[in-house]
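Asks: Chain W: place on chain P using the hints.
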Amino acid sequence: AQSVSQHNHHVILSEAASLELGCNYSYGGTVNLFWYVQYPGQHLQLLLKYFSGDPLVKGIKGFEAEFIKSKFSFNLRKPSVQWSDTAEYFCALHNAGNMLTFGGGTRLMVKP
Amino acid sequence: NAGVTQTPKFQVLKTGQSMTLQCAQDMNHEYMSWYRQDPGMGLRLIHYSVGAGITDQGEVPNGYNVSRSTTEDFPLRLLSAAPSQTSVYFCASSLQPSSGNTIYFGEGSWLTVV
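Heads up: the protein sequence lines correspond to chains P and W, in order.
What the first sequence shows, in the working numbering, is residues 1 to 112, in sequence order.
What the second sequence shows, in the working numbering, is residues 1 to 114, in sequence order.
Same shape as in the complex, but just chain P (with noise of 0.2 Å):
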């Protein structure tokens, strides 16, 4: 069975502070990766997505991730984070089954 883990539950930084956010996920086989984020009573939107080729991911908002295959991971960083970054964020894995798995979320604010 696949699964996705997100270690990091809430993560608290000061405006232009740099960000990572880890994701790791299990699943032998080929996979897609994505980040969502859902700001305060909203719903959840794409930051980024891997499918394949250059491992290195630019998403919006300044927002990049990269997928390390032998270390199974996919995490999401970005070098200078500001107030309206404060949200929720989801990895996700996509599998040929067709399955959408998402990790726990990582609730990040961002302190002025």
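Because the hints were derived from the structure by calculation, they are not lab data.
A few of these clues could be false.
[To be verified] Using 20 Å as the maximum straight-line C-alpha spacing, the simulated SDA-like pairs for lysine to any residue come out as follows:
1. K49/P - K9/W
2. K61/P - T86/P
3. K49/P - N101/W
4. K9/W - H43/P
5. K111/P - S14/P
6. K58/P - T102/W
7. K9/W - P40/P
8. K9/W - G53/P
9. K49/P - T102/W
10. K9/W - A16/P
11. K61/P - L95/W
12. K9/W - E72/W
13. K58/P - G100/W
14. K111/P - L19/P
15. K58/P - S99/W
16. K71/P - G53/P
17. K111/P - H10/P
18. K69/P - G100/W
19. K9/W - Q42/P
20. K49/P - K14/W
21. K9/W - T20/W
22. K61/P - Y104/W
23. K58/P - S73/P
24. K58/P - N101/W
25. K49/P - Y104/W
26. K14/W - W110/W
27. K58/P - L48/P
28. K9/W - L48/P
29. K49/P - T20/W
30. K14/W - Q85/W
31. K49/P - Q85/W
32. K69/P - E20/P
[Stated by the list, open to error] Chain W side only, calculated, beta carbon under 10 Å to chain P, not exhaustive:
33. Q6
34. F10
35. V12
36. L13
37. S33
38. Q37
39. P39
40. G40
Ideal Cβ placement from N, Cα and C applies to all residues, glycine included.
Replies: What follows is chain W alone, placed relative to chain P:
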């Protein structure tokens, strides 16, 4: 193009009542799914459908039924509501997900069972 539309947005039910959460999409997407979101558990797949007339169970299907009579609609039925079903429910749709197509989410339905 309205995207994925869920109704109702908020609902309070008594234990044992039944109700249907509606989901509709106007993007001619083959794939539709229902998730529930609970604190610290992310989103968990309840049921999904890969096309009209085809449905399958996800990770947490118990207590829920679905049907897919049309491409556009994918209602989720709670047969006999329980407090454990208090959650936020999200409907999603996409073209073939394994081809890298974006998955679109509705705005969520907040359900409280008392």
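Asks: All hints are to be evaluated individually against the structure, with a verdict given for each.
Replies: Quick rundown of the hints versus the structure:
1. K49/P - K9/W: violated (28 Å)
2. K61/P - T86/P: Between K61/P and T86/P the Cα gap is close to 13 Å, so the pair holds against 20 Å.
3. K49/P - N101/W: holds (10 Å)
4. K9/W - H43/P: holds (12 Å)
5. K111/P - S14/P: With Cα atoms ~5 Å apart, K111/P and S14/P stay inside 20 Å; holds.
6. K58/P - T102/W: Holds, at roughly 15 Å.
7. K9/W - P40/P: The hint holds at about 15 Å.
8. K9/W - G53/P: violated (39 Å)
9. K49/P - T102/W: holds (9 Å)
10. K9/W - A16/P: violated (36 Å)
11. K61/P - L95/W: The given pair, whose Cα atoms are some 25 Å apart, is violated under the 20 Å limit.
12. K9/W - E72/W: holds (19 Å)
13. K58/P - G100/W: Distance of about 15 Å is within 20 Å: holds.
14. K111/P - L19/P: holds (13 Å)
15. K58/P - S99/W: holds (19 Å)
16. K71/P - G53/P: holds (17 Å)
17. K111/P - H10/P: Since the Cα atoms of K111/P and H10/P sit roughly 13 Å apart, the hinted pair holds (cutoff 20 Å).
18. K69/P - G100/W: With a Cα-Cα distance of about 18 Å, the restraint between K69/P and G100/W holds, given a limit of 20 Å.
19. K9/W - Q42/P: holds (12 Å)
20. K49/P - K14/W: The given pair, whose Cα atoms are some 40 Å apart, is violated under the 20 Å limit.
21. K9/W - T20/W: holds (12 Å)
22. K61/P - Y104/W: holds (18 Å)
23. K58/P - S73/P: Given that 20 Å is the threshold and the Cα spacing comes to 16 Å, the pair holds.
24. K58/P - N101/W: holds (16 Å)
25. K49/P - Y104/W: holds (13 Å)
26. K14/W - W110/W: holds (14 Å)
27. K58/P - L48/P: Satisfied, since the Cα-Cα distance of roughly 7 Å is no more than 20 Å.
28. K9/W - L48/P: Distance ~27 Å between K9/W and L48/P Cα, so the pair is violated.
29. K49/P - T20/W: violated (32 Å)
30. K14/W - Q85/W: Holds: K14/W and Q85/W sit about 11 Å apart, inside 20 Å.
31. K49/P - Q85/W: violated (30 Å)
32. K69/P - E20/P: Roughly 18 Å separates the two Cα atoms, so the pair holds.
33. Q6: holds (9 Å)
34. F10: violated (12 Å)
35. V12: violated (18 Å)
36. L13: At about 22 Å, which exceeds the 10 Å cut-off, the nearest Cβ of chain P leaves the hint on L13/W violated.
37. S33: With a minimum Cβ separation of about 7 Å from chain P (threshold 10 Å), the hint on S33/W holds.
38. Q37: Since chain P brings a Cβ to about 8 Å from Q37/W, closer than 10 Å, the hint holds.
39. P39: holds (9 Å)
40. G40: holds (5 Å)
Against the hints set out earlier in the document, violations occur for numbers 1, 8, 10, 11, 20, 28, 29, 31, 34, 35 and 36.
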